Amino acid sequence: MSRGPASRIRVGLALACAGLTAGCGTQAATVAVTRPPAVTAPLSTSLTTAQGTWAIAVMGGSAASHNNFWQLFVRRANTGRWSLATPEGVADNGGLVAAGGNGSLVVGFRPSQELAYSPLATSTDAGLNWTPGLLDAALADTPGAIAVGPSGHTLALLQDGTIEAAPTADDAAAGRWVPLATLKALAASAPGRSCGLKGMTAVSFGPDQNPIAAGSCVRPGAAGVFTDAGGTWRSAGLTLPGNGPGMGTVRVLGLTALAGGNAALLAISHPGGDSLLAAWWDGTRWTVSAPVTADGVRALGFGPGGSAWLLLDSERAETIAGAAGSTWRALPPVPTGTAVLAPPGTGTLAPGTGGSYDALAVSGSRLTVWRLARGAWGKVQQITVPVQYGSSG
Amino acid sequence: MPGMNSGLSPSDPTLVAAFRSALLHQGAIALLMLVFLWLLWATARTWRPAASAGTSGVTAGEPAEARARWLLRTGFGVLWIFDGILQAQPKMAGGLATQVMEPIAASSPGWVQHLVNWGGTAWSYHPIQAGAASVWIQVGIGTWLIVAVRGPWSRLAGAASVIWGLIVWVFGESFGGIFAPGLSWLTGAPGAVLIYVVAGALIALPGGAWRTPRPGRLLLAGLGVFFAAMAVLQAWPGRGFWPGRAAAKPGTLSRMVTEMAGTPQPHFLSSLLSGFASFATRYGFAVNLVVVIALAAMGAAFLSGRPRLVRYAMWSGIVFCLADWVLVQDFGFLGGLGTDPNSMIPLIVLFSAGYLALTPAAHEAKAPARAAEAKRPGVRSVAAAGALAVILLGAAPMAAAAVNRTADPILALAISGDSTSLNLPAPGFSLTDQNGRTVSLAGLRGKVVLMTFLDPVCTSDCPIIAQEFKQTGQMLGAQAKNVELVAVVANPTYRSTAFTRAFDRQEGLTTVPDWLYLTGSLSQLGAVWRHYGVTVENLPAGAMAAHNDLAVVIDPAGRIRQELSSDPGPATLSTRSSFSVLLGQYARQALRQTLGQS
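Quick note, the sequences are listed as chains A and B, same order. Start counting the first sequence at 0; every next residue gets the next number (numbering that gives the first Met the number 0). Start counting the second sequence at 0; every next residue gets the next number (numbering that gives the first Met the number 0).
Same shape as in the complex, but just chain A (with noise of 0.2 angstroms):
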């Protein structure tokens, strides 16, 4: 039997149909999922040490990461310029941490591209010569995964969130390093399970040096603060106040040993934004800030005597004095490309730097320094570094 011309145009083109209709397809649905708070805590950051004060920022400028690298800067005690003193012999492309000890800066490279460990650089004069040290693990993505205590004991946070302890700075430049706590042991414990631990962002020492560790919670309101009492964590105690319904989830950005006490910058999820605050521990009771909106960080630090500073999206910045009671004060919008903030020495600065906050701005391998007087900011200083690029692949 056999089939006409017309048959065969229809059966032809009802083919063609079903094709196209088959290759088209439907679009999957979106699913709607909760998410923690935006703002974390970048590398870039300063810290002030009895040699002087640090500022870590990344430079270079190029769209391949591996050819930006992160530099340490150090304004010397008693000097009002500053210089270049990243540790050399590793790339840094992967981030640096640093934290300060008695009398030494312990510098962390995080590990990129095929490195997985993080090569360790201790200078206790200010950057003039470094010791190599091993940490035989990933470094965290955080500024606050080392700390250094006055004996040289050091912490170290790891990026799948254990935390390892090197008593002597010895046994951290030889990579003797001892685990303290992993994360799942620590969510599990009665102070994690409480808060709803979902992650370490810091480590520090408490007042009587016991090593303490914050992270983020997903219990509303709950802040991630524990301290190590001989083996066993516990809260730190630190409670938010108006702490209840309409309290979103709390990330420890930052935490830093202070004589005495502890200082601590958190970020607050909300359904408007993200908000941040600072609070102070003198080792028994805390003291909370009032919250300063924010919707994005580009970095954040400690300043001598438990003062912070957030430098933040839209040229903002925002300070605070680390006395109780003290509250956020705004700095004149900062100068474009500002990478970092240097907040003021420990009193012995040279003249003329008027005990005020640097503003480090980067454009690709040049540092210029910004230094805020009278309400202005004012260029003092040009640093050109010589980026290598191209050495790392």
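Derived by calculation from the structure, the hints in this document are not laboratory data. Being a predicted model, the structure only gives us computed values, none of them experimental. Backbone N, C-alpha and C fix where the C-beta goes; we use that ideal spot for every residue, glycine too. The reader is advised that the hints may include incorrect statements.
[Claimed, not checked] Covered stretches of chain B (in silico footprint by chain A; criterion: 3 or more residues with CB under 8 angstroms from a CB of chain A, positions within the stretch not fixed):
no., segment
1, 339-350
2, 459-471
3, 488-497
4, 585-592
With chain A held as given, fit chain B onto it using these hints.
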């Protein structure tokens, strides 16, 4: 797509020279084989003259070959040979996987990309064998199609065309892009080689099938459906073919033509394409309307099966296809990496054959083959056997290479350049291994030492080189016990055994037998660096310590036999494997040299 990309330039001189050399070598073998077959045939003919006419299995009473089949056979035979010649272009060996297969697959779904990646990886591991195989297989199939006129040999040629065509369609054309967006007849959908496959299948039909118009009707009906579907696709709203310009940018067709105009080619051709692209941008709707109407009309005419209509459609289709071939497909084979003339020429051959099959000449059904034709098949059978031998010539080394999971050393040679063969005493040293034991070069006498210089906190090359050394040890098998894999620290600051151990753990070297990572004081290391010509220095501003990548092969007598750059280059899967193979070859060579001397 991991594996597919060797990371090397397609015009890398080492690859190009090796490819040319392989083609010449295999071409000479092919020539010898053909001469041998000819001699064999001539001898057999002399001894058994009566049998010569019957060797093809064709008798004088068999009908002549149908015109449609002749057109398919010779047309696609010529096309295969032409494609084979295109495969011999210098950049093909190094560039087909990365510049042809990978980009075509990029817009296809993940499963297509995975499949293509599998084939592309095999190619990038053995680019020379793969490139040469493609040449000989395609030339062989083409020749086979042309010389084998009828009978099982001829049908087998059609089947070979189907098999190879499917391989090319899947791996080389990512299923002709039918699973990717933007499918259009204008640019070659559903893949030129799929047309070769259809033609091959028709050639493989029994000879008797061509005595009636039925194959022609079926072929034309299939083509009718195809053209109708392509018309619908071309007309489908939202696919971007109607507007000549959208959002202040050229429309889909203009963009495609402009991209083709960018292919390296004579200026007048690129000007012609650019001109058409401008025209399509200005009159996009009209151009697409013409295309849709033409496709729909051809589809309807072919589906009708009426010879007169089909004839009109065939001639207008030839003109239409040629216009598309020139103005949109840009001939398909230009630019140094064109693999075929795209879809229009094969399509013309196919629907023309459909018309001829629909209207068989009166003599085709019953006319006997001419006496002269009946005598020739003996030659043709030998030629067909020769063509098959040419196919095997290409396929056999490729098949052997494909089952080999290691890459050819040619990739490493292309990166590092030729190594330097030496016969010098290796400067001695005494350093500390990762376990704190003292190791001297003198203590390693009796073994081949593969030595390199690695920074334990390196972020790029050194871990890759270490993996290549590790893989070399694994490849050496039983011979590994005669080989010591040695690295010397190349960092002036991070050089303690804590770091060599950390590096070993990172790279999984702690369980590798005969692996030594040596370090020492700065003065000890400095002396070794100096003696072996390695420059090591710290760089400022957060950069890795700099050192040159060097590997040396020291024979069991303590003499340097080879010195080569161990720069891993693009460090792809294929180049890593290639370096390991090369190092293994040098190690075996050093062992043999020593045995020869002793």
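Hints that the structure is at odds with (numbers, increasing): 1 and 4
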